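Novice: In case you want the letters, here they are:
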Amino acid sequence: NAGVTQTPKFRVLKTGQSMTLLCAQDMNHEYMYWYRQDPGMGLRLIHYSVGEGTTAKGEVPDGYNVSRLKKQNFLLGLESAAPSQTSVYFCASRPIYSGPGYGEKLFFGSGTQLSVL
Amino acid sequence: DAKTTQPPSMDCAEGRAANLPCNHSTISGNEYVYWYRQIHSQGPQYIIHGLKNNETNEMASLIITEDRKSSTLILPHATLRDTAVYYCIGSSGGGADGLTFGKGTHLIIQP
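Chains as they are written, first to last, in our numbering: chain Y, -6 to 110; chain C, 700 to 810.
Treat the hints as calculated values from the structure; they're not laboratory data. Among the hints, erroneous ones may be present.
Claimed, not checked - Listed next, the in silico SDA-like pairs over lysine to any residue satisfying Cα-Cα at most 20 Å (straight line):
1. Y/Lys50 - Y/Leu68
2. Y/Lys64 - C/Lys802
3. Y/Lys98 - C/Gly794
4. C/Lys802 - Y/Leu68
5. C/Lys802 - Y/Gly(-4)
6. Y/Lys98 - C/Asn756
Claimed, not checked - Partial selection, computed: residues in chain C whose CB lies under 7 Å from chain Y:
7. Pro706
8. Tyr745
9. Ala795
10. His805
Bear in mind that the values here come from a model prediction, so they are computed numbers and not experimental data. Glycine included, each C-beta is placed from N, C-alpha and C at the ideal position.
With the hints as extra help, turn the sequences into a complete structure.
Specialist: This is the structure we're talking about:
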């Protein structure tokens, strides 16, 4: 049981290049999330999904697209990378319900360090 | 999510109890208090949550004041591996749009 796996772990892009970050979870969770974290800051929600085939915008969605074609995978795409997208990206997942208050028990991946030059 | 206030940093000696405070004076009746921690360069890790009763698990204890305006996370015997950023979050516990993580408290365990 690997939990939440993110690939790649590190990536360097040039301005204008595109790339896709992959998040995979093996816990059969319905909900999945993409966050970004800038130095000295908390995490900010980019997009999320409440199930296969669904996506929704979070706090900072501009410049990103997502897809949830399979329940276990949540992809984050950058169509035209910008230096402002240099950040650490975290994926998280959780089940719909697993007890009182446990609705916000998120399981996080180890992150992807992205640099855009 | 309820607004929470935490000190930006704290020190604690190894082996002692680490007590991390959190103020959440605007928390509503149906909102839980969640604690997560983030060890350097890793993803956040869930620690514990509570509504109004004190809670304990294998990682920590959570003490919530009777008026629910503040809480304290207690790490009973802190080790160097407990050095991390600790986040206190107020949430109803059922929303689909995730949690809002602030800047948290950077806890440094001193040898």
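Novice: Each hint: holds or not?
Specialist: Here's how the hints hold up against the structure:
Between the alpha carbons of Y/Lys50 and Y/Leu68 the distance comes to roughly 14 Å, so the proposed pair stays at or under 20 Å and holds. At most 20 Å may separate the alpha-carbon atoms for a hinted pair to count; Y/Lys64 and C/Lys802 exceed this at roughly 31 Å. For the hint pairing Y/Lys98 with C/Gly794, the CA-to-CA distance comes to about 11 Å; that is within 20 Å, so the pair holds. Of the supplied pair hints, the one linking C/Lys802 and Y/Leu68 is violated, its CA atoms being roughly 26 Å apart against a limit of 20 Å.
Of the pairs offered as hints, the one joining C/Lys802 and Y/Gly(-4) is violated, with about 25 Å between alpha carbons and a cut-off of 20 Å exceeded. Restraint check for Y/Lys98 and C/Asn756: satisfied, since their Cα atoms lie roughly 14 Å apart, inside the 20 Å limit. Taking 7 Å as the C-beta contact cut-off toward chain Y, the hint placing C/Pro706 at the interface is violated, the least distance being around 15 Å. Interface restraint check for C/Tyr745: the shortest CB-CB distance to chain Y comes to about 5 Å, inside 7 Å, so the restraint holds.
Annotation: C/Ala795 was flagged as interfacial toward chain Y, and the flag holds, the nearest CB pair being 5 Å apart, inside 7 Å. Nearest Cβ of chain Y to the Cβ of C/His805: about 10 Å, over the 7 Å cut. The hint is violated.
Hint check: violations occur at hints 2, 4, 5, 7 and 10; the rest are consistent with the structure.
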